[in-house]
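S.K.: Residues per chain, in single letters:
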Amino acid sequence: NAGVMQNPRHLVRRRGQEARLRCSPMKGHSHVYWYRQLPEEGLKFMVYLQKENIIDESGMPKERFSAEFPKEGPSILRIQQVVRGDSAAYFCASSFSEEKLFFGSGTQLSVL
Amino acid sequence: AQTVTQSQPEMSVQEAETVTLSCTYDTSESDYYLFWYKQPPSRQMILVIRQEAYKQQNATENRFSVNFQKAAKSFSLKISDSQLGDAAMYFCAYSLRNSGNTPLVFGKGTRLSVIA
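Residue numbers (the numbering used here), protein chains in the order written: chain V, 29 to 140; chain Z, 1021 to 1136.
Read the hints as simulated data drawn from the structure, not as lab findings. A quick note: this is a predicted structure, and the numbers were derived from the prediction, not measured. Every residue gets a Cβ at the ideal spot worked out from N, C-alpha and C, and that includes glycine. Watch out, some of these pointers could steer you wrong.
So, partial list: chain V residues that the calculated Cβ filter (under 8 Å) puts toward chain Z [unchecked claim]:
| no. | residue |
| --- | --- |
| 1 | Pro-36 |
| 2 | Tyr-61 |
| 3 | Gln-109 |
| 4 | Gly-113 |
| 5 | Asp-114 |
| 6 | Phe-119 |
| 7 | Lys-128 |
| 8 | Leu-129 |
| 9 | Phe-131 |
Turn these sequences into a full structure, and let the hints guide you.
M.R.: The following block contains the structure:
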C-alpha cells in the first residue's frame, strides 16, 4: 500500500504565476488535509476535504487559494498569482478515520 | 482556540543518553488526542507516539515514552538510548476528538541534535 504521494516535490514559480500541487491519498482513505509549513515553523492547517466536498477551509486564505478533491483523481491545491510570501512547504495528509493521519513528503514551493 | 507551545527551539543529547522534549497546550476541551511527530531532513512527517486524553496511562513506543499531565496540560516526550537517527525536528500536536475529523494544531517544533 503506497503512502500519501505528493508531486511535484519541488516547484518554482515566478510572481504572478499559478501553482498546482497534487496529492494522492493512501488507498481507501477518503479524508484529505492540506497544511502549510513556513521556515522554522510548525505546520498550519489550511483545508480539510472529503471526496467532492470541502468540509473545513477555515485555514485557507480567502483569495488566490483553492482546493478540490474530485471523485476521481488526486486532490489539488491551487494558488493563483503567487507572491513571495507563498513560498513554503505544503503538506498533504490523508486518513481513514480521525485517529491517525498519514503525511506525504510535501511540496516545496519557491516563488522568485 | 487551541494552542500548542514548545519552549525549546533546540536540544542536544549524547548518543545512548536520554532526552526530554517539552510541550504544553491550551484547551477548554476534555476529550482530545496529543501527538509527537518527527520530521527528519527528508521532510517526511512521521508519527512517533499518540496519547488519548481520556487514558491516564502514559503511551510508550519502544524507546519513546510520554509524560502526560492532563491537569497541567503538559505532554513531554522522552527518548531513551538516543541514536544518531533520532536527530530531527520534533513537533507536538493536538487534535480534538469528536465524531468528525478535526485538524491537527502543531507547535513550532524542537530541533534535536544527537552527538556521537
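S.K.: Under the constraints set out in the numbered hints, which ones does this structure not fulfil?
M.R.: Per hint list: 1, 3, 4 and 5 violated.
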